[in-house]
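Visitor: Listed below are the residues making up each chain.
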Amino acid sequence: METFLADLKATPLAQYLRTSRWGYAAVSAAHILGIALLVGAVLPLNLRLLGAWRIVPQSDLVRVLVPAAVAGLAIAAIAGAMLFSVRAQEYATIGFFQAKLVLITLGVVSALALHRGYGFLLEGASRARLAGHALVSIACWVGALVCGRLIAFVD
Amino acid sequence: MKKLILAAVVVIGGGVQSVAALAHHGWAWTTGKNIELSGVIKQVKLGNPHGVLKLDVAGGTWTVEVGQPWRNKRAGLKDGDFAEGVQIRVIGEPSANASEKRLKVERLFIGNREYVLYPDRS
Chain A
1 METFLADLKA TPLAQYLRTS RWGYAAVSAA HILGIALLVG AVLPLNLRLL
51 GAWRIVPQSD LVRVLVPAAV AGLAIAAIAG AMLFSVRAQE YATIGFFQAK
101 LVLITLGVVS ALALHRGYGF LLEGASRARL AGHALVSIAC WVGALVCGRL
151 IAFVD
Chain B
1 MKKLILAAVV VIGGGVQSVA ALAHHGWAWT TGKNIELSGV IKQVKLGNPH
51 GVLKLDVAGG TWTVEVGQPW RNKRAGLKDG DFAEGVQIRV IGEPSANASE
101 KRLKVERLFI GNREYVLYPD RS
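Top to bottom, those sequences are chains A and B. Numbers 1 to 155, taken from the working numbering, label the letters of the first sequence in order. Numbers 1 to 122, taken from the working numbering, label the letters of the second sequence in order.
No lab work stands behind these hints, which were simulated from the structure alone. There could be a bad hint or two in this list.
[As the list claims (entries may be wrong)] Restricting the straight-line Cα-Cα distance to at most 30 Å, the calculated cross-link-like pairs of lysine-lysine (BS3-like) are:
| # | chain 1 | residue 1 | chain 2 | residue 2 |
| --- | --- | --- | --- | --- |
| 1 | A | K9 | B | K78 |
| 2 | B | K33 | A | K9 |
| 3 | B | K101 | A | K9 |
| 4 | A | K9 | B | K45 |
| 5 | B | K54 | A | K9 |
| 6 | B | K73 | A | K9 |
| 7 | B | K45 | B | K101 |
| 8 | B | K33 | B | K101 |
Using the sequences plus the hints, can you model the full thing?
Guide: The structure is reproduced here in structure tokens:
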């Protein structure tokens, strides 16, 4: 693990980002774009699963918001890995960073389990099952966002 | 499902417990008044998102925040100016939390040469 983190930090991309002004700013902005897309999709979808906007068919929302969330997660993860590489060993020891990775994993596992059981469109799942997932999902993604932001506020 | 919720709560709680210090971003966490420190650099971490030095000062070790690479370069600093063992004098704002020996630098002196990191604040 230590070797991996050291190797990551020594990559040319990490070295470039460590000293670049606008390159680092651009990756930072991409990370925020990914998070905005992800959380902006996950929250309304989960609120629908909890019973909000019943007038809108659930499957219509799923078709739009699930791919948006996946795209957001992919952008945030790629940009996030680049930001991480700049100070890999230090970030790896921060409690908020570790908590954030656990929350992201839980959020992804919860979503995969739900879709595995009820398909892409989540048809046939009980209200209780959907609501249970929605609560976990909201806690995970909002929690991950907060933990991520707090990384900048600790040593 | 209940296990997942429990796990999430435990994880968030664990993260909160590890809160250590205040922000680096901006100046909201500092006192608003400059002080001066002189000492010898004993540790250097430069690069994005923040450059940080450990400074041996009479009375203890201070954590001293210098600029990102572009800010240090604009001030005229070169790679290697911040090196272990170098005597340095820094002027900047300390943390408002008096128990924390942390200072954000506005300008600094190495030898007789002045380097200004924040020209608008001096």
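Visitor: So, for every hint listed, does it hold in this structure?
Guide: Hint check:
Of the pairs offered as hints, the one joining A/K9 and B/K78 holds, with about 22 Å between alpha carbons and a cut-off of 30 Å not exceeded. Straight-line distance between C-alpha atoms of B/K33 and A/K9 comes to about 37 Å, which puts the hinted pair past the 30 Å bound. Proximity of B/K101 to A/K9 is assessed by CA-CA distance (about 28 Å); at most 30 Å being required, the pair is judged to hold. Our distance criterion of 30 Å between C-alpha atoms is met by A/K9 and B/K45, whose separation comes to about 13 Å.
For the hint linking B/K54 to A/K9, the alpha-carbon distance of about 21 Å falls within 30 Å, and the restraint holds. Between B/K73 and A/K9 the alpha-carbon distance is near 22 Å, which keeps this suggested pair within the 30 Å criterion. Pair hint B/K45 plus B/K101 holds up; C-alpha atoms about 17 Å apart against a cutoff of 30 Å. For the given pair, B/K33 sits about 15 Å from B/K101 by alpha-carbon distance, which is consistent with the 30 Å threshold.
Of the numbered hints listed earlier, the single one contradicted by the structure is hint 2.
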